[in-house]
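Asks: Sequence:
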Amino acid sequence: MAEQLLCSELFRQHTITAVFTQRSGGFSPPPFDSFNFGSGLGDSESAIKRNLNRLVTVAGLESQPHQVIQVHGNTSYRCSGPGQMHRQEADILISRDPGTALAVRTADCLPVLLADPQNGIIAAVHAGWRGTAAGVVCRAVEEMVTLGAAQEHIIASLGPCIGPCCFKIGRDAADQLAASCAGADNCIGDQPELHADLQAINRLQLLQSGVSAQRVEIFSDCTACDPERFYSYRRDGKNSGRHLGVVALPSTP
Numbered sequence: 221m222a223e224q225l226l227c228s229e230l231f232r233q234h235t236i237t238a239v240f241t242q243r244s245g246g247f248s249p250p251p252f253d254s255f256n257f258g259s260g261l262g263d264s265e266s267a268i269k270r271n272l273n274r275l276v277t278v279a280g281l282e283s284q285p286h287q288v289i290q291v292h293g294n295t296s297y298r299c300s301g302p303g304q305m306h307r308q309e310a311d312i313l314i315s316r317d318p319g320t321a322l323a324v325r326t327a328d329c330l331p332v333l334l335a336d337p338q339n340g341i342i343a344a345v346h347a348g349w350r351g352t353a354a355g356v357v358c359r360a361v362e363e364m365v366t367l368g369a370a371q372e373h374i375i376a377s378l379g380p381c382i383g384p385c386c387f388k389i390g391r392d393a394a395d396q397l398a399a400s401c402a403g404a405d406n407c408i409g410d411q412p413e414l415h416a417d418l419q420a421i422n423r424l425q426l427l428q429s430g431v432s433a434q435r436v437e438i439f440s441d442c443t444a445c446d447p448e449r450f451y452s453y454r455r456d457g458k459n460s461g462r463h464l465g466v467v468a469l470p471s472t473p
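In short: position in the sequence shown from 1, add 220, done, that's the working numbering.
Please keep in mind that the hints were generated in silico from the structure rather than gathered at the bench. For every residue, glycine included, the Cβ atom is placed at its ideal position computed from N, Cα and C.
Pair by pair, the computed Cβ-Cβ distance ranges are: (1) Pro251 / Ser440: 23 to 33 angstroms; (2) Lys458 / Gly430: 31 to 41 angstroms; (3) Asp392 / Glu309: 16 to 26 angstroms; (4) Cys385 / Arg307: 30 to 40 angstroms; (5) Glu265 / Pro302: 16 to 26 angstroms.
With the hints as extra help, turn the sequences into a complete structure.
Replies: Set out below in structure tokens:
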């Protein structure tokens, strides 16, 4: 499991599964070698299916995770029933059904996993720069609260994404990110080029949404810096596979 998954200790302490995949240990051939979960990229669907089955096994999931069509926005989709690939367009998946797993696909964008262990509500968030500028994690917290969660109970795990060392951006993106929440401008630098820290901005948004700083966990790995462990669209373009960030409720409390 160690070579395939990054596992959240914070979530484990609350008996909730939260994992981020790395690129090794799967069945996909080059250039998607080998633990790829992105369909429609050129990888074989049979390899992706085998990767999903292996993920269920190594992560100890009770079923395959729900997924949606991600569109770099801030809309949500409530999931129930057996895990599947939905035709719904969204960047937030949310559920309160025991035994349910939710997943977002990333290859530089930030995966954010959320849970209210006390009320049994989880969410998986796909936060690219456009979603971050649109406050997608703030929207996720709002949707969780609507379902019965309490901000002070929410825990968050921010997975690997492109780091400020590699995430060069243009002025328009910088302006939108800076306006996304108070203090976000401090997460954008201009030396030697404009660059942004997606994890830092999303952390600020979570704190301003009422999540405690002590309940936010960050995996600070940069996907673009480490081709041995991570896929990166910025680095590899169309030859990049996709990771999954997965959060799952147990079937029994």
